[in-house]
Amino acid sequence: EAGVAQSPRYKIIEKRQSVAFWCNPISGHATLYWYQQILGQGPKLLIQFQNNGVVDDSQLPKDRFSAERLKGVDSTLKIQPAKLEDSAVYLCASSWDRSDTQYFGPGTRLTVL
Amino acid sequence: AQSVTQLDSQVPVFEEAPVELRCNYSSSVSVYLFWYVQYPNQGLQLLLKYLSGSTLVESINGFEAEFNKSQTSFHLRKPSVHISDTAEYFCAVRGVFDAGNMLTFGGGTRLMVKP
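Chains C and Z supply the protein sequences, listed in that same order. Residue numbers in the first sequence follow this note's numbering, run continuously in steps of one, and reach 141 at the last position. Residue numbers in the second sequence follow this note's numbering, run continuously in steps of one, and reach 527 at the last position.
One should not assume that every hint holds.
Claimed, not checked - Taking CB as the label site, the calculated pair distances span:
| hint | chain 1 | residue 1 | chain 2 | residue 2 | range |
| --- | --- | --- | --- | --- | --- |
| 1 | Z | ARG489 | C | LYS43 | 41 to 49 Å |
| 2 | C | GLN69 | Z | LYS481 | 21 to 29 Å |
| 3 | Z | LYS481 | C | GLY100 | 32 to 40 Å |
| 4 | Z | PRO452 | C | SER55 | 25 to 33 Å |
| 5 | Z | GLU432 | C | GLU42 | 42 to 50 Å |
| 6 | C | SER86 | Z | ASN453 | 26 to 34 Å |
Claimed, not checked - The following residues of chain C were derived to be distant from chain Z, with all beta-carbon distances above 10 Å:
| hint | residue |
| --- | --- |
| 7 | SER35 |
| 8 | PRO36 |
| 9 | LYS39 |
| 10 | ASN79 |
| 11 | LEU88 |
| 12 | LYS99 |
| 13 | PRO109 |
| 14 | ALA116 |
To be verified - Okay, derived cross-link-like pairs now, BS3-like style, lysine-lysine, Cα gap no bigger than 30 Å in a straight line:
| hint | chain 1 | residue 1 | chain 2 | residue 2 |
| --- | --- | --- | --- | --- |
| 15 | C | LYS111 | C | LYS39 |
| 16 | C | LYS39 | C | LYS106 |
| 17 | C | LYS72 | C | LYS99 |
| 18 | C | LYS72 | Z | LYS461 |
| 19 | C | LYS72 | Z | LYS481 |
| 20 | C | LYS99 | C | LYS39 |
Hints in this document: simulated from the structure, not taken from any laboratory. Since we're looking at a predicted model, the values are computed, not measured. All residues carry an ideal CB built from backbone N, CA and C; glycine is no exception.
Given the sequences, and given the hints that come with them, work out the whole structure.
This is the structure in structure tokens:
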């Protein structure tokens, strides 16, 4: 069974630029999560989808971050414009449903200069 | 809301020695508890979890953790570590009756196994 796929693995941009990350969850997983992991800290949930609907986005900075999950499969997370403090690893995870174990992708490491 | 405290940011240990990684949580409701491991340049992998039943849970690679409700702890232990256990370990908590599946993570403990 293929795991959670993410791309790109690394991205370097300058502040005020835009960036987008892509996630393909494990086949059949209805729930998808985006986490932000700042260096030296544990992951923090940004947004959770159930199929193509948002379950929880209370910690998503909506003035600059947006996410979508069209057709309930792949998802993209966008930052526009990026700030220095957005430098982090962005992790995508998926699970069968909202109560099941979460499986994580390898993450995208974003550096904002 | 829940919170998780991992008391040690780094734990150096010699190969074949025992190790304990500490995790304490705070919650006003019943919780599920998890330990995830993150190897360099990889995503998080579930190591073990406590949902209900026996308070002692084990992983396939020799780790175990014990849920202690009175101490609000879920410490991770291994009687003899290997070089390959070098990684970052994250403790996480989730409320049993949460509508979503939001995990709250601790800050992580870097286990460094030395030969």
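Hints, verified against the model:
Hint check: ARG489 of chain Z to LYS43 of chain C, Cβ distance near 44 Å, so the stated range 41 to 49 Å holds. In this structure the supplied range 21 to 29 Å holds for GLN69 of chain C paired with LYS481 of chain Z, their Cβ-Cβ distance being about 27 Å. The beta-carbon spacing between LYS481 of chain Z and GLY100 of chain C, approximately 38 Å, falls within the hinted interval of 32 to 40 Å. Separated by about 27 Å at the C-beta atoms, PRO452 of chain Z and SER55 of chain C satisfy the suggested range of 25 to 33 Å.
Range check, GLU432 of chain Z to GLU42 of chain C: about 44 Å between beta-carbon atoms, so the 42 to 50 Å window is met. At roughly 30 Å, the beta-carbon separation of SER86 of chain C and ASN453 of chain Z lies within the given 26 to 34 Å, and the hint holds. Non-interface status of SER35 of chain C relative to chain Z is upheld: no Cβ of that chain comes within 10 Å, the nearest being about 13 Å off. The beta carbon of PRO36 of chain C is kept farther than 10 Å from every beta carbon of chain Z, the shortest such distance being approximately 14 Å.
Distance check on LYS39 of chain C: its Cβ is at least 15 Å (rounded) from any Cβ of chain Z, clearing the 10 Å threshold; non-interface status holds. Chain Z leaves ASN79 of chain C outside its interface by the beta-carbon criterion, the shortest separation being 13 Å against a cut-off of 10 Å. The claim that LEU88 of chain C lies off the interface holds: its Cβ sits roughly 12 Å from the closest Cβ of chain Z, which is beyond the 10 Å cut-off. At roughly 21 Å from the closest C-beta of chain Z, the C-beta of LYS99 of chain C stays outside 10 Å, upholding its exclusion from the interface.
Distance check for PRO109 of chain C against chain Z: the nearest CB is about 27 Å away, which clears 10 Å, and the non-interface claim stands. Every C-beta of chain Z lies more than 10 Å from that of ALA116 of chain C, the closest at about 13 Å, which supports listing it as non-interface. Note on LYS111 of chain C and LYS39 of chain C: the hinted pairing holds, with a Cα-Cα distance of about 14 Å set against a maximum of 30 Å. At roughly 13 Å between alpha-carbon atoms, LYS39 of chain C and LYS106 of chain C fall within 30 Å of each other, so this suggested pair holds.
Taking the CA atoms of LYS72 of chain C and LYS99 of chain C, the gap is about 25 Å. The hint holds against a cut of 30 Å. Note on LYS72 of chain C and LYS461 of chain Z: the hinted pairing holds, with a Cα-Cα distance of about 19 Å set against a maximum of 30 Å. About 24 Å separates the Cα atoms of LYS72 of chain C and LYS481 of chain Z, which keeps this hinted pair within 30 Å; it holds. A hinted pair counts as satisfied when its Cα atoms are at most 30 Å apart, and LYS99 of chain C with LYS39 of chain C qualifies at roughly 26 Å.
Consistency with the previously given hints is maintained throughout, with no hint failing.
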